[in-house]
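Asks: Residue-level listing of the chains:
There are 4 protein chains.
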Amino acid sequence: MRYLTAGESHGKQLTTIVEGVPALMPLTSDEINESLLRRQKGHGRGKRMQIEKDLVDIAGGVRHGYTLGSPIALVVKNDDFKHWVDIMGEDPIDDDKKIRRVVSRPRPGHADLNGAMKYGHRDMRNILERSSARETAVRVAAGAVAKTMLKQLGINVVGYVNEIAGIKAEEYPDLSFDQKVTISEDSPVRCLDPEASQKMMDAIDQAKKDGDSIGGVCEVIVEGMPAGIGSYVHFDRKLDARIAFAVQSINAFKGVEFGIGFEAARRNGSEVHDEIIWSEETGYQRRTNNLGGFEGGMTTGMPIVVKGVMKPIPTLYKPLQSVDIETKEPFTASIERSDSCAVPAAAVVMEHVVAFEVAKAILEQFPHDQFPKLKKAIDEYREEIRCF
Amino acid sequence: MRYLTAGESHGKQLTTIVEGVPALMPLTSDEINESLLRRQKGHGRGKRMQIEKDLVDIAGGVRHGYTLGSPIALVVKNDDFKHWVDIMGEDPIDDDKKIRRVVSRPRPGHADLNGAMKYGHRDMRNILERSSARETAVRVAAGAVAKTMLKQLGINVVGYVNEIAGIKAEEYPDLSFDQKVTISEDSPVRCLDPEASQKMMDAIDQAKKDGDSIGGVCEVIVEGMPAGIGSYVHFDRKLDARIAFAVQSINAFKGVEFGIGFEAARRNGSEVHDEIIWSEETGYQRRTNNLGGFEGGMTTGMPIVVKGVMKPIPTLYKPLQSVDIETKEPFTASIERSDSCAVPAAAVVMEHVVAFEVAKAILEQFPHDQFPKLKKAIDEYREEIRCF
Amino acid sequence: MRYLTAGESHGKQLTTIVEGVPALMPLTSDEINESLLRRQKGHGRGKRMQIEKDLVDIAGGVRHGYTLGSPIALVVKNDDFKHWVDIMGEDPIDDDKKIRRVVSRPRPGHADLNGAMKYGHRDMRNILERSSARETAVRVAAGAVAKTMLKQLGINVVGYVNEIAGIKAEEYPDLSFDQKVTISEDSPVRCLDPEASQKMMDAIDQAKKDGDSIGGVCEVIVEGMPAGIGSYVHFDRKLDARIAFAVQSINAFKGVEFGIGFEAARRNGSEVHDEIIWSEETGYQRRTNNLGGFEGGMTTGMPIVVKGVMKPIPTLYKPLQSVDIETKEPFTASIERSDSCAVPAAAVVMEHVVAFEVAKAILEQFPHDQFPKLKKAIDEYREEIRCF
Amino acid sequence: MRYLTAGESHGKQLTTIVEGVPALMPLTSDEINESLLRRQKGHGRGKRMQIEKDLVDIAGGVRHGYTLGSPIALVVKNDDFKHWVDIMGEDPIDDDKKIRRVVSRPRPGHADLNGAMKYGHRDMRNILERSSARETAVRVAAGAVAKTMLKQLGINVVGYVNEIAGIKAEEYPDLSFDQKVTISEDSPVRCLDPEASQKMMDAIDQAKKDGDSIGGVCEVIVEGMPAGIGSYVHFDRKLDARIAFAVQSINAFKGVEFGIGFEAARRNGSEVHDEIIWSEETGYQRRTNNLGGFEGGMTTGMPIVVKGVMKPIPTLYKPLQSVDIETKEPFTASIERSDSCAVPAAAVVMEHVVAFEVAKAILEQFPHDQFPKLKKAIDEYREEIRCF
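Chains as they are written, first to last, in full-length UniProt numbering: chain A, 1 to 388; chain B, 1 to 388; chain C, 1 to 388; chain D, 1 to 388.
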């Protein structure tokens, strides 16, 4: 399974093609739209989220509610494009018109300057329109296909927020997976801890007032994974490495960790590794899940637990110093319409890119032409390793 | 540039083929052997490191000290194989001989159990021989080719240790790159902070005494990178994501972060983003490097700063509980010859896998058939972005 | 440069995303539409070609007539979809409605039966909608981007028809490239030989009358290629092999050959190899071009000459025997609306898939972020090898 | 499944790493050596084939006669290297020593000149050592792993010679697969037709006497393939296209065709397509196999039949004109030790590269971690499509 995406932030539409999805899998736009909607929610989102409601158009690969096995094309239109035709249209225009909305002032923390130097653009709109996190809408759409598939295989994925601006959620180890889904969905900041939720909202409001922005830590859990997905035999087949790739590739993410993550540097080995137990009924299990569901690049059968850190979004009202690339004069960074905190949305994005990698690894390992056979194969495998 | 590796820990040899190296690049086994040697050093390494000194044999792709443009084959023999022929030989043997050294007891924290279930091996030696960190020797060899290339392009890479068992090194922001190389090389734990070095050694000795193991945090710095390497245009072309992949794929690594990394969740945006300044002489620069040299998946021109966390190696003398897969009886985990702390070696491995990804990204961006032309193209690009 | 396509024959639209196109390259829908139009022409096309005129919508990656460096999304709507919503719509429908237009009769020569067995579809419409040559419309669109790029680099590509139903065109070695373009464009069967053109049209008319279909041989020429594109260093980097792949992947193609191709089995080596000559003015040249522009998987600087054979399209009015998969009763194959000869269109498709591979190889070899720099680099390379 | 190769013709060794082979598959060096031996045979081979007998060393991935699931490293030593250390050694040498055996005279038909221009080598030995067909030895070794796997899955592959220097073998449609194996093996030119065999040998002898070389056509048959391997859903998943790629990538090949191939341009559709019949016992079958076992890029269940054409090897005793790249003086091409006809060997190479692609496609489609499970899955699939 693989996908490509296209589309600019204020362009006509976002597009993705997802190739390699099994045939005969139930899939409707409802599941995808639900994911798109979840991405748009969250305390602290800017106005655009309220203006435009993302809806997917399935433009290929699905017929009568089932996948065909053909590539799936997903389109998310930008409703607002009508106001941007002159600025973002694909047709050649007169040079004098081009001047409008030229961006010559790179914003620190964005791709603007480095992208402009790389691609030779003097109008950095050519960069920021694509480097914008708007593109994550179709990454979510692609991931929603994966999530729908996983769900039907008994594998569930959820993303929520652990920390915003230094406010950390309490750990609630006793929450069931479903509870995590429900509680995070109900929280305006996708946080499992009600008290922290409130503090996070306050911090977001304060940041907005200050013209500043704040980041945070998202966590994604994948429950129901059988052991042995991914592989140790070659470094580029390790599933945790692929997930790290996917998470780090999300706009504004600066790090990723599995299980106890960086805390592993502070504990003794005897306090880190997850002891193996066995019972006739369940097969092999682990007493703990410090390693976040991975050993040797493969799943252990315990839930995958992965965290990613998002930096504060760099589009600030509070000015940062930069330099106009035409005049070379210093200025304080230009302002695009923006959110002050996008961490709750990022948790949804992260959930979906993780789901994609997990689904991809499953498809590589099991027969994947026909969805019902895939489902059967995984069930058999589950039984097989239970009796191993 | 791409590579495959093969070889088991106690097999005949480790092999890698590196395809896509430019022609006419000076390369000798000396550079590679130096990297291999550095990987074998470090306070707390087990006996095997003293027994076997890894030496590379360049078995293709290099002639008279220069690369041909052909794939480069690198071989590291396992000197000890002569004692392992019966156990690890490729030829069929009688079933009664096979019993010897069968491993039926999976070690927590290793690939043993999950790998066995995945691949259907009842003798987990079939897993552990490949999942062993021994394989990192040829990843270092492949990375040494990349490092040699980068060095000749004015790009330098070094890895060192920031933290072991909770003991953190002081930051020495004023050290030059060369000083970092020299000081870390002189430290038995590859640490820039002499005081912390000593404490780390003590902790290692104590862990050994306790039959326990300890992990730590490695940091790799890439200096001399021009801005604009990598790309934001498609998520799988982001260089930081590729580096995250490479680091996470190192045996026993559990996380990776760039610049201030997870700390970004605790600061305001105005304290995170690296302001842009400009002078005629140097072109664009940043006041700070909180983002670790990356914006939008591209380099900013500041040094790449990436950290990776290594868990304590799971081969313990202190027992962890596990289950024999034949008898289903609980036992306390079996002991293979082992190090108590491999973090200093891991820093060298990390240095080399990062170097590989960086070199690969450079080759994708610049003309790469002939090394002298590559060098010229990068120099021109540097000048171009200085004057952008 | 890479691309994915999606879309079914009677679905909403065809979509392609082309990733890896340099920034700052002039590109408008005109060039792409011209290619789409050429694909739809040709004596012997069925009615659909007259009903629907393919037009591209550039839905990302291009702004104001220039590429951004971002992925390019291209959409070709199926105007006729409004009549097919019930049959091909993506939304779930009641089971009783599904029965309409179910295809249970596999057509020999099509993907129907094998595809159905592979993907488990009992309604073979689920296969034929995607396996249809309709999809080549977006392969042409993607190829048109490549062709536009090549043209601006001084590299021109044209496809025409050499043979239909055993009628072979005379060779006209003295025609210039431009003459080949013009003459083939004016011929209703895209043939350079006027006399053969007329015979081919007669054969097509006769086949239509007989309810039969006929195939033919297409030839594509790439002129202006510098020597040394592609590589011998690893088998999967040979450009002729990649072109063979692309040509063989066109619907209904059964073979591909370069230069004298299979004739090479009948000549002595002294009559096959292209002798090397040199002059100060032109550098190295060849006396002949028997090898079709390739030695060692690399271009020789002579035009690339590649032929592909297309089988007669398998959708016949003249019945072929097959078996209904539900009743297991023999029948004579069902009839879908069809052309009796699609070779002229296939020549256009082949032209575009070859263009894509050639452009891709060029981008791999030269700096490709900025189009003007790419152009400069190729010009410099041309001069360099002239003086080699 | 994927592989990389390394090694120069007179270098130390040839190496390949094959990644992605299932675990628990019986594999010994015997099968690989048999393939290597077959590649070295054939009337008309030069002296080198008699001097050096290729033997494989399995240097990883196999233990006690079974695959581990780890990457497999295969090494074929060049026995003669000891005489070439000065010329081909990897260590730097004094410039005055380098002069020896410098090749400044490009041979028409070889990669020499184009490769030199591309990579900037003035000593074309740097090209010819890698572009030599010597490399096919390890491609055969990698293919032998695939062939061994296929055989155990009930899929057999054989290559033989259909034509040399215009002498065509009679078709023997009644020969069983095993007979084809035996007869071709017994023929010094790997030809099924004894009369043609003799004429081919005479032609080879005559060519040798004349200092000329001759080419031919090889055919590979894959018997036992279930229907539905490969896919039509995306152009790059078509198995025939991948095979075309692999065949065209063999040194000196100039074309490839499936089934009746180019003859399809001369027949009516009603004479080309393979009618579908069905019986309870066998399921679906075809009356004919004109399409060579492929429809829509997928197998039909009939044998795969693919032909490739090899040009006469360009290393001639009979001179061709060329130009010295240092003096720019014309000369008649230099002579390296050579065969006058390599078509019989090429048939073995082609057999193995086809086997690799077929095995790869099978592994993509079926569960491939454990060989016994793969075998079971294919058997089940065979039954399933029989009852479809």
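Check before you lean on any hint, since a few could be wrong.
A pair counts as met if it fits within one copy or between any two copies, since identical chains are not told apart.
Only pairs whose alpha carbons sit at most 25 Å apart, straight line, appear in this in silico DMTMM-like list of lysine to aspartate or glutamate [to be verified]:
id, residue 1, residue 2
1, Lys-151, Asp-210
2, Lys-208, Glu-271
3, Lys-209, Glu-329
4, Lys-208, Glu-263
5, Lys-373, Glu-383
6, Lys-318, Glu-275
7, Lys-373, Asp-94
8, Lys-373, Asp-324
9, Lys-373, Asp-79
10, Lys-373, Asp-123
11, Lys-328, Asp-123
12, Lys-373, Glu-384
13, Lys-82, Glu-364
14, Lys-375, Asp-95
Derived by calculation from the structure, the hints in this document are not laboratory data.
Asks: If the cut is 25 Å between Cα atoms, do Lys-151 and Asp-210 qualify within a copy, between copies, both or neither?
Replies: neither (42 Å within a copy, 45 Å between copies)
Asks: First find the shortest C-alpha distance between Lys-373 and Asp-324 inside one copy, then the shortest across copies, and answer within, between, both or neither for a cut-off of 25 Å.
Replies: Answer is between; shortest inter-copy Cα gap is 24 Å, intra-copy 58 Å.
Asks: How would you classify Lys-373 and Glu-384 at a CA-CA limit of 25 Å: within, between, both, or neither?
Replies: both (16 Å within a copy, 12 Å between copies)
Asks: Within, between, both or neither: how does the pair Lys-373, Asp-123 come out at a Cα-Cα threshold of 25 Å?
Replies: between (52 Å within a copy, 18 Å between copies)
Asks: Treating 25 Å as the Cα threshold, decide for Lys-328 and Asp-123: within, between, both or neither.
Replies: within (14 Å within a copy, 49 Å between copies)
Asks: Cα distance capped at 25 Å. Does Lys-208 pair with Glu-263 within a copy, between copies, both, or neither?
Replies: Intra 32 Å, inter 20 Å, cutoff 25 Å: inter-copy only.
Asks: For Lys-373 and Asp-79, with the copy left unspecified, which applies at a CA distance of at most 25 Å: within, between, both, or neither?
Replies: neither (40 Å within a copy, 36 Å between copies)
Asks: Can you give me the call for Lys-318 and Glu-275, within, between, both or neither, at a CA distance of at most 25 Å?
Replies: between (50 Å within a copy, 13 Å between copies)
Asks: At 25 Å max between alpha carbons, let me know whether Lys-208 reaches Glu-271 within a copy, between copies, both or neither.
Replies: between (42 Å within a copy, 15 Å between copies)
Asks: Pop the pair Lys-373 and Asp-94 into one bin, within, between, both or neither, using alpha-carbon distances up to 25 Å.
Replies: between (57 Å within a copy, 24 Å between copies)
Asks: For Lys-375 vs Asp-95, is the C-alpha pair at or below 25 Å within one copy, between two copies, both, or neither?
Replies: Between copies, since 23 Å is at most 25 Å while 57 Å is not.
Asks: One pair to classify: Lys-209 and Glu-329, alpha carbons no more than 25 Å apart. Within, between, both, or neither?
Replies: neither (28 Å within a copy, 62 Å between copies)
In summary, the structure is inconsistent with hints 1, 3, 9 and 13 from the numbered list given earlier, while agreeing with the others.
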